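Student: Next come the chains, spelled out residue by residue.
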Amino acid sequence: MKINKAMLQRLLPFLSLIILFVALSIASPYFLTANNLTSVARQTAVFNTMALGMTIVIISGGIDLSVGSILGLSGLIGTMALERGFPIAVGVLIGIAVGMLCGFLNGLLVTRLRIPPFVVTLGTLGIYRGASLIFSNGLPVHKIPAGFSFLGEGSLLGIPFVAWMLVICAVIVHVVLEHTRLGRYAFAIGSNKIASVYAGIPVDFHITAVYAIGGALTGLAGMIEASRLMTGQPTAGQGYELQAIAAVVIGGGSLNGGEGSVIGTLIGAFIMGLLSNGADLLNISNYWQQVIIGSVIILAVTLDEVRKRRAV
Amino acid sequence: MPLLELQDIEKRFGGVTALRGGNLTVNAGEVHLLLGENGAGKSTLMKIVAGIVRRDAGKMLWNGSEVFLGSPSEAAAIGIAMVNQESLLAPHMTVAENIFLGREERNSFGWVNRRAITEKARHLIEQYGFPLQAEWRVDRLSPAGRQMVEICRAIQHGSSLLIFDEPTSSLSDSETRQVFRIVRDLKARNMGIIYITHRMDELRVIGDRVTVLRDGGAVHTGNLADIPTDQLIRHMVGREVAQIYQRDHLTPGAPLLEVRNVSVEASRLKNISLTLRQGEITGMAGLIGAGRTELCRAIFGVDPVDSGEILIEGKPARLTSPRDAVQSGIALVTEDRQISGLALRLPIGYNVTMANVERISNFGFLDLKSETARSAELGGKMRLKAASPAQLAGTLSGGNQQKVVIAKWLFRESRIFLFDEPTRGIDIGAKAEVFELMSELARAGAAILMVSSELPELMHVADRILVMRQGRLSGELPRGCTQEQIMKLAVMETAA
Ligand SMILES: Nc1ncnc2c1ncn2[C@@H]1O[C@H](COP(=O)(O)OP(=O)(O)OP(=O)(O)O)[C@@H](O)[C@H]1O
Ligand SMILES: [Mg+2]
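Those protein sequence lines, which keep their order, are chains A and B. Taking numbering that gives the first Met the number 0 as reference, the numbering of the first sequence is continuous, increasing by one, and the terminal residue is 311. Taking numbering that gives the first Met the number 0 as reference, the numbering of the second sequence is continuous, increasing by one, and the terminal residue is 495.
Worth flagging that the hints you see were computed from the coordinates, not collected in a lab. Hints are supplied without guarantee of correctness; some may be wrong.
As the list claims (entries may be wrong) - No farther apart than 20 Å at their CA atoms in a straight line, the calculated lysine to any residue pairs in the SDA-like style are these:
| no. | chain 1 | residue 1 | chain 2 | residue 2 |
| --- | --- | --- | --- | --- |
| 1 | A | Lys192 | B | Thr319 |
| 2 | A | Lys192 | B | Gln326 |
| 3 | B | Lys368 | A | Leu176 |
| 4 | A | Lys192 | B | Gly393 |
| 5 | A | Lys192 | B | Ile338 |
| 6 | A | Lys192 | B | Lys314 |
| 7 | A | Lys192 | B | Glu85 |
| 8 | A | Lys142 | B | Lys368 |
| 9 | B | Lys368 | A | Lys192 |
| 10 | A | Lys142 | B | Arg322 |
| 11 | B | Lys269 | B | Ala253 |
| 12 | A | Lys142 | B | Ala253 |
| 13 | A | Lys142 | B | Gln326 |
| 14 | A | Lys192 | B | Gly57 |
| 15 | A | Lys192 | B | Ala253 |
| 16 | B | Lys314 | B | Ala253 |
| 17 | B | Lys368 | A | Leu181 |
| 18 | A | Lys142 | B | Ser320 |
| 19 | A | Lys192 | B | Asp302 |
| 20 | B | Lys368 | A | His173 |
| 21 | A | Lys142 | B | Asp200 |
Computed from a predicted model, the values in this text were never measured in an experiment.
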């Protein structure tokens with residue numbers, strides 16, 4: 000009896016996702032159409048990819064508030080490269096590299112200055128956004144080769160290309176977290192930094208690496224976003240940090256570090272995606288959507304806290 | 000009518016049964032010892048009494064009527080207070096604030112009067128003669144210091160039942176005597192006291208009646224005077240245990256670690272020189288605050304050394320971080336398992352391999368099967384009571400957490416071991432296993448420094464004993480020395 004209850008509570012995010020899915024299928028005839036589902040997949044791909052990066056960062060006990068700005072800057076620089084005539088693959092790689100560099104800088108600042116990541120990334124949130132506006136003079140990049148739209152809008156074997164990308168990234172991040180030394184160190188550092196230092200783990204190196212990986216995934220998300228809009232917007236990604244952090248937290252990640260999983264994060268991101276899709280289908284205004292999403296975050300974290308408190 | 004009566008208390012955590020048949024009767028004006036192996040359920044039973052954990056089944060009678068306590072403040076309201084095994088203090092607050100946390104006097108604006116609190120705390124501390132200052136921040140305190148704050152916190156408001164969960168596990172002799180004085184004092188005021196300990200030398204000094212728990216149930220209860228100690232131990236562990244540990248002493252080999260004239264200003268270490276040799280267990284005694292932990296920290300590269308040098312295998316070593324120390328083959332089993340020892344929210348297996356993940360990885364990829372197998376094997380050697388290596392370290396009993404910390408450093412296969420209070424909270428059965436593991440290490444050629452506040456175990460295990468006093472080495476004693484000789488070197492003679 001007791002065990003079942005505990006298991007039920009752990010499965011709560013997953014069950015909510017299914018219930019949400021069923022409810023939306025009943026509430027709107029448009030929901031369960033191939034068209035709508037592909038569009039949900041495309042819409043959530045950006046948040047999902049970012050949230051994967053955020054998962055590692057949060058597990059290691061950090062947080063990255065600058066991801067929205069990183070997304071904007073990498074999308075912008077990546078499309079600028081395309082504008083200059085670089086091949087598409089190279090442009091995408093440049094976008095990823097810019098994201099990685101931004102994350103790396105965050106990591107360096109966190110480990111060298113020894114100030115809380117919340118403060119560091121709040122600062123770089125402003126810096127990276129400002130950099131985008133300076134590089135672009137505030138103007139979007141439009142001259143992009145048509146082939147670039149494949150990344151965000153194309154399909155492979157009848158399934159959106161971004162969905163393939165997401166699966167690949169998710170598998171890689173999962174393997175990194177659960178089956179490599181880097182992932183293990185991320186858990187250890189997030190769970191008890193002092194004990195990790197005493198155990199001889201190169202803590203600063205791994206914190207920096209974690210932010211760089213998170214940045215790289217955000218860079219990829221930035222290129223997906225740019226491809227979907229077919230512009231490089233210096234203002235892209237504003238407010239996305241909320242979505243990414245929420246996905247991790249809804250999926251069972253703890254802002255105290257040491258807890259979180261790829262599966263959980265994906266479920267969290269899909270819940271948020273379905274909520275906003277459902278709200279669109281049911282003609283609920285954008286304003287209310289924000290209220291709903293905010294409430295869901297609080298509800299999810301409360302339920303999770305209750306579960307953990309009971310377990311102790 | 001007894002003060003407290005527990006009848007057939009049951010408690011399960013997920014698949015783990017912590018208590019079944021938890022029976023206990025405590026009278027006013029008695030010191031009731033609660034004994035049992037690590038993981039027997041002592042802390043859980045007491046947390047139920049103190050309103051921290053809720054029971055699944057069974058009765059709790061308080062002055063004859065059944066009570067259900069939903070929180071520690073409900074327990075405090077009816078007169079039950081507890082000194083916890085693992086400190087539950089607020090780290091960023093002062094000693095005074097912690098003592099009165101949640102019970103502060105407020106003025107008419109609802110503001111806390113800090114001055115009054117500090118004053119009251121100072122009074123309390125003086126009354127019991129603890130080496131504490133009311134203004135100190137709690138996160139700067141040693142485990143012993145935090146233990147004393149916990150004690151002040153529990154006794155400051157009038158309760159009729161006080162629970163001490165291993166209050167002396169991190170204290171040395173003179174602080175332990177202070178605790179005894181407090182306990183006797185409270186008993187004289189007709190309070191009921193429940194006292195948990197793994198130190199066999201304390202039992203007769205402090206106890207009146209005794210209850211032994213095994214595997215979550217009470218297996219013996221009665222007057223302490225009616226039962227010999229070896230029979231108590233048999234009740235606890237269910238087998239015969241050689242109470243006094245004896246090891247074969249080897250002739251020490253080559254020096255592995257040499258500390259030469261090391262001084263650390265920040266932690267007041269002055270001019271310390273010592274040598275740790277292969278195959279030798281060097282004991283270290285001293286009072287709380289004598290600088291034993293600080294010396295370990297300095298050797299381990301946590302605190303920078305201001306002058307002097309450290310040599311490893313005869314070569315000068317630059318140890319500027321724990322990582323340097325670990326890579327030069329030094330292991331430090333820290334005294335504070337919850338702060339610097341364990342990742343509480345991670346599984347046992349993760350913790351065991353934490354200092355040596357390299358050993359289970361190929362090209363950066365982990366061999367999880369071997370992790371599980373090896374941590375289960377080490378756990379078995381140390382009589383770790385756990386459901387599986389996947390159990391979260393934070394859900395283990397205190398003594399079992401300590402075993403995981405030791406296992407972590409055994410897994411590292413270092414050559415120089417610094418054990419800071421290694422047997423803190425470990426039961427009598429498992430202590431023997433820990434000492435056996437230590438002498439196994441010595442036989443295999445490791446050099447060992449063993450810091451301990453328990454003089455009997457130091458005298459039995461160590462080949463020689465160094466004594467520290469106020470940041471200096473005050474002397475060295477050979478094997479076979481007496482407790483008095485150690486104490487004389489440890490306690491400062493004040494000039495008359
Ligand atoms: N939150 C929890 N989740 C799972 N198991 C738990 C939890 N708390 C306690 N246990 C288990 O309950 C058992 C009893 O633990 P308890 O802390 O009461 O032991 P103890 O007698 O105080 O031991 P020690 O002498 O080591 O302090 C242990 O096996 C422990 O692992
Ligand atoms: Mg206990």
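Student: Indicate, hint by hint, whether the structure satisfies it.
Tutor: Hint check:
no. : hint                  : in the structure
1   : Lys192(A) / Thr319(B) : holds, 18 Å
2   : Lys192(A) / Gln326(B) : holds, 18 Å
3   : Lys368(B) / Leu176(A) : holds, 16 Å
4   : Lys192(A) / Gly393(B) : holds, 15 Å
5   : Lys192(A) / Ile338(B) : holds, 9 Å
6   : Lys192(A) / Lys314(B) : violated, 31 Å
7   : Lys192(A) / Glu85(B)  : holds, 19 Å
8   : Lys142(A) / Lys368(B) : violated, 53 Å
9   : Lys368(B) / Lys192(A) : violated, 26 Å
10  : Lys142(A) / Arg322(B) : violated, 51 Å
11  : Lys269(B) / Ala253(B) : violated, 26 Å
12  : Lys142(A) / Ala253(B) : violated, 74 Å
13  : Lys142(A) / Gln326(B) : violated, 55 Å
14  : Lys192(A) / Gly57(B)  : violated, 41 Å
15  : Lys192(A) / Ala253(B) : violated, 35 Å
16  : Lys314(B) / Ala253(B) : holds, 13 Å
17  : Lys368(B) / Leu181(A) : holds, 18 Å
18  : Lys142(A) / Ser320(B) : violated, 53 Å
19  : Lys192(A) / Asp302(B) : holds, 17 Å
20  : Lys368(B) / His173(A) : holds, 18 Å
21  : Lys142(A) / Asp200(B) : violated, 84 Å
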